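Sequence lines, in order, name chains A and B.
Residue numbers for the first sequence, in full-length UniProt numbering: 1 to 234.
Residue numbers for the second sequence, in full-length UniProt numbering: 1 to 274.
Just so you know, these hints were derived from the structure itself, not from any lab.
A quick note: this is a predicted structure, and the numbers were derived from the prediction, not measured.
Treat the hints with caution; some may be incorrect.
[Unchecked claim] Simulated restraints on C-beta separations:
1) B/Asp30 <-> A/Pro219: 30 to 40 angstroms
2) A/Asp65 <-> B/Tyr246: 34 to 44 angstroms
3) B/Asp214 <-> A/Ser8: 29 to 39 angstroms
4) B/Lys39 <-> A/Asp65: 43 to 53 angstroms
5) B/Glu38 <-> A/Gly14: 25 to 35 angstroms
6) B/Arg139 <-> A/Val6: 41 to 51 angstroms
Even glycine gets a Cβ: it sits at the ideal position worked out from N, Cα and C.
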Amino acid sequence: MGEHTVASFDEELGQISKLIRDMGDLAGSMVSGSTKALLNSDNALAQRVVSDDAIMDARQRELDDRAITLIAKRQPMANDLRAVVGSIRMAGDLERIGDLAKNIAKRVGTVGLSVTPRDLSHSIDAMAQLVLIQVQGVVEEYAAADAAALAKLRNEDERIDVKYTSVFRELLTYMMEDPRNITACTHLLFCAKNLERIGDHVTNIAENAYYVLTGQQLPANRPKQDETAMATSA
Amino acid sequence: MNIMTEQSLENAVGDKMNAKSNEVIKMRGDKVGVFYGEKQALFDVNLDVRQNQVTALIGPSGCGKSTFLRCLNRMNDTIDSARVTGKITLDEDDIYDKNIDVVELRARVGMVFQKPNPFPKSIYENVAYGPRIHGLAKRKSDMDQIVESSLKKAAIWNEVKDRLQEPGTGLSGGQQQRLCIARAIAVSPEVILMDEPCSALDPIATARVEELIDELRQNYTIVIVTHSMQQAARVSQRTAMFHLGYLVEEGATDKMFTNPDDKRTQDYITGRFG
């Protein structure tokens, strides 16, 4: 894409896309930090994630301000318009990812008090890895303007859903085995649910990024597999 | 308030009629080329103008959009060195045919210019001039009727009804432009060509004219040349992008301004050249 006749227009768009990258990086580090803190019962790390959320919120407000000022000043069109509006929406999803990571971090203290079964932390860890790859991937692919990779990444969310279902079942088993596990397992279940939701926000970001890059919407239906509803009834 | 109801009634009827006529081709340019002397200004332009729609012509200065607009009612005839090739039809009739009466053509395809140019006569006479030379009114009462309804359609009646005998040049710029639109409407044209009709107007007068364009669309077919991308996006249903004398891209306005196909269109509307 060539440069605008008005150079400061390019600068302003650049600042917005830099904020998206920053928020994406921060979201990645919050997700990895919160799960690490959870698995290692690391309260200090959890505290850092909680305080990072304030930075995330501030970035989002700055992005909103810049985007709205740019629309008012430049009346962007076509790909520029899509980039600005898409950024506002992506920032909303990134901010939510930050909130969910913070929520995981806040549970670290409570879960840490009880004994967590080894196997369990293993499967939550595996789920967190999948989520982290998605969070980091979506920001990278958007920066690289790779629409095909974004479409693929969006479908990858299915793997998180499958993982979530299996974590859910495992937790249920532990709770049935020993009611003393219930408190910790319930917290872990919320953590797993938060990770699953982070995955959903990543798919939103991928869809928005795809639209920004191509001007086309991805098809509405995406493979979905959340069998926890069935598991409960069984 | 009466005017509003009358107008909305007209619009409602117009809407029903438009449902079917949306895709009717009112004017069609077929391989239109224009030469000014040796220099070719327009190359092989194929463009359809749809009935009851606003077609916006956009592109950087010197791209040929005004040249094309002026072909549609043979305004280029007034330039000695200009030569038009290809074919332009109005309701399937070739407007460059030898048997076409140019005066009658320009009554059917009216024009509003960049700078408001009322005649140095009264407001009444500005509007009555066209119908008079075309013999559209037999009696004074008929003429009064035409003047009133034209000024109403141009949304300026309320502002001038008590001063019809005052000179048209005494009105504000925005009022003058609406007076010129009333003058164009007075001869009951089928197509109205507008060459940057708002470029000399302030934002409020511009908004009034844009609102008017939207209302006029119910009864007329409009082709507008504009340098304001936002205006093209706001008022038109179809947009045609010109560059260096060629038609680059034509399509639904909504798509042109959110996701154009051609890179030159994209670069122009996003402010990357021009």
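Q: Compare the structure with the hints numbered earlier in the document and write down the numbers of the violated ones, lowest to highest.
A: Hints 5 and 6 contradicted; others consistent.
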